[in-house]
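Asker: Here's the letter readout for the chains.
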Amino acid sequence: MTETVHNLLLGFSVALSPPVLLYAFVGCVVGTIVGVLPGVGPLAGISLLLPATFGLDATKAIVMLAGIYYGAMYGGSTTSILMRIPGEAASVMTCIDGYAMARKGRAGAALAIAAVGSYVAGTVSVVALMFLAPPLASFALRFGPPEYFALLILGLLVLAYMSSGSMVKALAMATLGLLLGMIGIDQMTGYFRFAYGVVELGDGIGVVPVAVGLFGLSEILATAGQETPPAVIKPTLRELLPSRQEWKDANWPIWRGTVLGFLIGIIPGSAHIISSFVSYAVERRLARRPEEFGQGAVAGVAGPESANNSATSGAFVPMLALGVPSGPIPAVMLAAMMVHGVSPGPLLIKQQPELFWGFIASMYVGNVVLLILNLPLVGVFVNLLRVPYPLLYPGILVFCILGVYAVNSSVVDVWIMLVMGLVGYLLRKLEFEPAPIVLGVILAPMIEMALRQSLAMSDGQYAIFLTRPIATTLLAVGVLLVLLSLKSLVTHGFDWRERIAMAEKGEEL
Amino acid sequence: MRRARVLVGVAALAVVAGIAGAQESYPTRPITLVAPFPPGGVADLTARPVAASLEKILKTPVGVVNKTGAAGAVGMQYVATSRPDGYTLLLALSSISIIPEADKIFGRPPAFTVEQFAPIALVSADPTVLVVRAESPWKTAREFIEDAQKRPGQISYSSSGVYGTLHMAMALLEHAANVKLRHVPYAGAGPALTAILGGHVDALASGPAVVLPHLKAGKLRALAGWGEARMASLPDVPTFKELGYPDAEFYIWAGVFAGKGTPEPILTRLRDAMRQVVADPDFKGAMDKLETPIVFKQGEEFQRFFDADARRLAAGVRRVGRIETK
Amino acid sequence: MLTTNRAAAVALGVLAVVVLFESRKLPLGSLHNPGPAYMPVLLALALLVFAILVGAYGGASRALGAVGWSEWRHAAAILGTCAFAAIALERLGYRLTMAIALGFLIGVIERQGVFVTLTLAVALAAGSYLLFDTLLRVPLPRGPFGL
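Chains as they are written, first to last, in this note's numbering: chain E, 1 to 509; chain A, 1 to 326; chain D, 1 to 147.
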């Protein structure tokens, strides 16, 4: 313990030294900008700015890149709440209740809760990272394809809780999303599926154009032509801050989101966006008034935003403790380390204590910086809403196109956004929920790959799922959850139509 | 008469100067170096020092653009179909030879063909190395191969994807040593490494730089390399050639290409520039940090290397054929 | 009577059938070794089932005509502008494309004054370019005249 404190002091001495502090600040600012801009998320931000760090030494470079990562997570909620455009893919869930809160005039409250939730989650998860990195990392490595498959099937259950309307419609949307995720090269055999000769579709339709199109563009399409333009909201200063009730409502979701996000973030290969989806579903399940969700429930903002941020720290666990890239973003950070001559690996913590502890300390500092940056900005951003809509939306449109294009320098992505925008518009008219589609697009390739890899590992034996303890436990939990929800149906006597839908879902799994 | 001759002389001089001037004037605009892989990967990390040094030498901005997708096919197709004016270059990995063959197997029109490129220079050529976990029973490559021969299809290995570089390396070994292994594809080199570290697969063919820290930490053991000679960073690791399997030769190489049809003078200028790039101390320093030795080949030498490699890989891909789904 | 649910059900059903049709070219594989067509076929069948369920039991839905489509022309114009942007982005360069798109949206569709249109169009196009290309070093396409 004392050694940890000693190391932490060493880390702070590094992190608070003016040059390092400056780079952390720059990283946070850039990250916030990147996060606010639609579509461009932390991965794009870090990748694009990686070359700019080549001239710096390793610690400064890593600190700046981490700042961008964090900042993007903070900033992503801003456009989600204010304009229902996901600042980055993981902020999709915030679009739902955050925007609803904004429409009710509680935009400032939503932004503030998102910022504070992100701060709590960020700080707590860094503490966890500090103490638990090595043992957690070894645990995380034991997640192989069978464990993934079980976990992702559990994730599918989440879909059931995401709909505020008819269950069947939500499931139909989820299936549609899963199908869309099938586009691209089949990683197991090399076949191009549903790509029709467009090489850019080889990696599938990205989640960014889908999210921005389904939520952001469709919102513009539906609202821009209205005869009565949306009322310009002019909040007073007192209305900018959350009420006491809202703080109370946000409390538990923030803590739950933190723990959930961290655990999901540790697992190599899990995407951030899954943590916010799961948090949303959990909050909905545990809420006393679940029908609030979709209409501006505070928990629907607090939970996912916290989960988001703590998943960030979770993702660093395997990277720092073992030198294992747990996802595309840690992979880029590992590359940044390699370029600076720091070889990541299990010995990193021992060999480069200044780097590791300086990094941890700068994460604390970064969180504080971002909180200070974001809270006053709430007022600034909310004022953006005062611009009359006919002048506002063309600007938003430009940023959407720009953001989606910038991720891959690909015009095909812009086309995908266009198509999904049209689809989102139609879905709104026909009263379907777009959120399950986004989750489906992400989960489909992962579930399929995990299943087929597991079968490849076991030479076709399905028994592999039962011979590995973690996988079996997860599957058992899944079965239990399904049984529990079916039981509650029976005892509460749901509408017989809904029961059919639930039974269908049970069979599908 | 004399005036006419002077005029003709001046005109001739002007024409010659004009042509020479046109040659001298490349490059007049910023150049784009396309890296067909995502940032942080081998291609990207090699492309950036190359671009930085080229910029110094050609005195014009050289920007790296990541055009990713389809295991590199998107970026490669982009350069193949761009105007061959010398302003769009490609930093390709060995997959440039694999992708068109894979397309042929599936009967689809190839995204691009190798003939659409004009090679400029080879920059690095890392042989892959066979690694297993430290706890596994095989201490030498020979033990591994013998075990694989006794238990066909039981030993598993991960790769970065079907027909990817890490898969093809193993495929060449399987053919050379007459063994059958169990292939578990992953979505990229990172996940493939994670898989073996987590004990989910038994073996991996990997580029040396990424596994070096794990070898040093004692988590992985290197059995043999696919190179012609032993690797400088791993001098105790024998090559498959030494062990009697000369057909198991595979490099993850990186080279700079331009579109075919780029005018000769521009190509010459680029080749000269590349010669200077590999002599640049900044470039050397960057590659050192990446633990990637510089292997420089140009002209005839590069062409021969490239052709031989392409032939090997094409044969390997055809042997792998379409993945069986019974 | 065509309700929203039935319209959606038909659309989803058609999509499911199209997917099934397209998957014929891919090998199906077996339960122990699923091929590339396995998941798509499974999902398409599930979608078909859900489409039927939505059509029959989807809950309350309104007549298709009752849904407010009043803004469709506006939406079509916006989509058209986006399509233009997608086509022109790499040909005309970022700034020119965006300036034209913005000018069209603000000036023609929203019918704001000439001064407002020009200022906003140029400012947003140039400003966003500055932010991304120059400051953040995100390469944006340049068109003729280096724009």
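Quick caveat, the hints were computed from the structure, so don't treat them as lab data.
Here the structure is a predicted model, which is why all the values come from computation and not from measurement.
It cannot be assumed that every hint is accurate.
[As the list claims (entries may be wrong)] Think about it this way: if two alpha-carbon atoms lie no more than 25 Å apart in a straight line, the pair counts; the simulated SDA-like pairs of lysine to any residue are:
hint, chain 1, residue 1, chain 2, residue 2
1, A, K180, A, E228
2, E, K350, A, L215
3, E, K429, D, V116
4, A, K104, D, L28
[Said to hold, decoys possible] With beta-carbon atoms standing in for the labels, derived distance ranges:
hint, chain 1, residue 1, chain 2, residue 2, range
5, E, G379, D, R73, 28 to 38 Å
6, A, N178, D, K25, 45 to 55 Å
7, A, T81, D, T134, 25 to 35 Å
C-beta: ideal position from N, C-alpha, C; glycine also.
Asker: All hints, please: hold or fail.
Answerer: Results of checking the hints against the structure:
1. K180/A - E228/A: holds (23 Å)
2. K350/E - L215/A: It holds: about 16 Å lies between the C-alpha atoms, which stays within 25 Å.
3. K429/E - V116/D: This hinted pair is violated, its Cα atoms lying about 33 Å apart.
4. K104/A - L28/D: Satisfied, since the Cα-Cα distance of roughly 21 Å is no more than 25 Å.
5. G379/E - R73/D: 28 to 38 Å: Since the Cβ atoms of G379/E and R73/D sit about 37 Å apart, the hinted range of 28 to 38 Å holds.
6. N178/A - K25/D: 45 to 55 Å: About 34 Å separates the Cβ atoms of N178/A and K25/D, which means 45 to 55 Å is violated.
7. T81/A - T134/D: 25 to 35 Å: Cβ of T81/A to Cβ of T134/D: about 28 Å, so the range 25 to 35 Å holds.
Against the hints set out earlier in the document, violations occur for numbers 3, 6.
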